[in-house]
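Going down the list, the protein sequences come from chains A and B. Count along the first sequence starting at 1, add 36, and that's the number in the working numbering. Count along the second sequence starting at 1, add 41, and that's the number in the working numbering.
Worth flagging that the hints you see were computed from the coordinates, not collected in a lab. All of these numbers come straight from a predicted model, not from anything done at the bench. Take the hints with a grain of salt, since some may be wrong.
Said to hold, decoys possible - Distance condition first, Cα-Cα at most 27 Å in a straight line; then the derived DSS-like pairs of lysine-lysine:
1. A:LYS140 <-> A:LYS217
2. A:LYS192 <-> A:LYS138
3. A:LYS192 <-> A:LYS250
4. B:LYS210 <-> A:LYS47
5. A:LYS250 <-> A:LYS47
6. B:LYS80 <-> A:LYS138
7. B:LYS210 <-> B:LYS80
8. A:LYS217 <-> A:LYS192
9. B:LYS210 <-> A:LYS192
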Amino acid sequence: MGIQIQNISKKFGTYTALDQIDLTVPSGELVALLGPSGSGKTTLLRIIAGLETPDTGSIHFNGEVATQRHVRDRRVGFVFQHYALFQHMTVFDNIAFGMTVKPKAERPDKKHIRKRVNELLLLIQLDNMADRFPSQLSGGQRQRVALARALATEPKVLLLDEPFGALDAKVRLELRRWLRKLHDEIHVTSVFVTHDQEEALEVADRVVVMNQAKIEQIGTPEEVYDHPATPFVFNFLGHVNLFHCRESDDDQAVAIACLNGIDTGTVGYVRPSDICIRRNAEAADDIAAEVIFIQGAGALPHIELRRLDNGETVHAELPRDQYRQLGLKTGEQVFVHPTNVRVFAPNYQI
Amino acid sequence: MSIFFKQRSVLPGFGLTMGFTILYLSLIVLIPLSGLLFKTATLSWEDFWGAVASARVLASFRLTFGCALLAAMINGVFGLMVAWVLVRYRLPGKRVIDALVDLPFALPTAVAGITLAGLYAGNGWIGQYLEPLGIKIAYTPLGIIVAMTFIGLPFVVRTVQPVLEDMEKEQEEAAACLGANRWQTFVRVIFPAITPALLTGFALAYARAIGEYGSVIFIAGNMPMVSEITPLLIITKLEQYDYAGATAIATVMLVFSFLILLTINLIQWWSRRHAER
């Protein structure tokens, strides 16, 4: 089921949480709402669920207005950051809850409920833990139970509020891959909120980047990462080097600007992985720099350099083989060459 | 023995705290109570039986435990409602109401008893309207229930209130998302979460009501077999210098109270079986 969000605004007192948001979530997609805390992403999710009422605007489910519909009639599954499992119920009863509170006429019989819960337990790989209480489970297991509980009533939309936020790094990674796989199997329209750009880029079909109550960009993970629409998106989706191109400078900074056909007085944005390091100057716009710190562990060794001309720090990431080939040492003088410089209209601020 | 008691912990002072706890409990609770038992033990079985199984004493047991149970149940229901309103709603003068709840704790029980008796007597402010309807409260078992309810109310409110305040809003939101209506959310999600606290409050109110003397005797009328509570009977025996008879009744009361509180504690333990171990 597709979700259409039109002109939604929400204020809490004088604080604007959402400012005229328009968004369409196509049926069957997994969409990430990505943004820093306070960007309004959780509020938007809660408005979709019906847990919060918007000040203006409307929500449509498959074209039908749902703005006034009560949360229990919206048929959404909601997964909370801190699980919100019912502590006094077993895993089985937690998952069965949604089915057992249905009006008598629609309620499935006991046998059917048992069958459905067992299916879900298999799906979340906790089939031997039906009789445990939530307090006896680990964080990752609790979140999977919460997910199964949300799925038990066959919701039209699945909403997840920072579902992996309370988990440790390794479990988080496992669980988000599992969620992706699960979504590929059941194809329920899903929206999840996260402040972790890696998570959003890895899991989602489409990423909605939010900042200060507004949407900055909507696109596939590749689109938002490779073609960020604003400096905020560029900055939020990874590390970034800023090259200030001042008019008075007749050094390399201007050269970079010129290289890309850009007016001076602007800022060039370059990802650390788009910085070339070489021992000898090969182009006119190569910048002399000194290696000040090397972090060699990890898939992409991280090198910190200081420009000799203006003392600014440049971050670079090299592929491992190139890193080994270069054999860099701290204190060495090298040349850096930025590629893929992005420039935004100067009135933007990060 | 030390193997059973000693637990490795980074906090020092286990021996000291354990010793202090036992000493304190002994001085304040165990020694007086065992004194009671020793005094009772001076009676022969026949005398003991004669003291506790007379019709008048049995009637007082029935009255005390029965009225206390009803009063605690009334407090369980209305105390929960008061706590709910104080936690969930914004009312004008909420702080004043909140402070009023503790008043039965602070008021001398005799004052409460005389006030209640005055109000509910046939010519009192409230009693004068009830009497024509055929409802007599003062000087009947009904009056005893009123007094016991009055002194027990704060226990339920004060034990349930913090638990209600700490309840995660998400649990209710989760229930609503899963399609539960308000009533189902209350019965299946909220109520089980506050049950242990409610039982604690109930047990405290019950225990307090069983032992209550000051506020009850003024409104009870103290007619033997009808509205005479056990604590009053004990005082009567003491005034007749029948110390052993008084302690015999007290011992029975003690044992019953202990059994009841133990049962409530077991139910409570059962209702918290899901809690983190």
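Status of each hint after checking the structure:
| no. | hint | in the structure |
| --- | --- | --- |
| 1 | A:LYS140 <-> A:LYS217 | violated, 34 Å |
| 2 | A:LYS192 <-> A:LYS138 | holds, 16 Å |
| 3 | A:LYS192 <-> A:LYS250 | holds, 26 Å |
| 4 | B:LYS210 <-> A:LYS47 | holds, 20 Å |
| 5 | A:LYS250 <-> A:LYS47 | holds, 13 Å |
| 6 | B:LYS80 <-> A:LYS138 | violated, 62 Å |
| 7 | B:LYS210 <-> B:LYS80 | violated, 55 Å |
| 8 | A:LYS217 <-> A:LYS192 | holds, 18 Å |
| 9 | B:LYS210 <-> A:LYS192 | holds, 24 Å |
The structure fails to meet hints 1, 6 and 7 from the earlier list, while all remaining hints are met.
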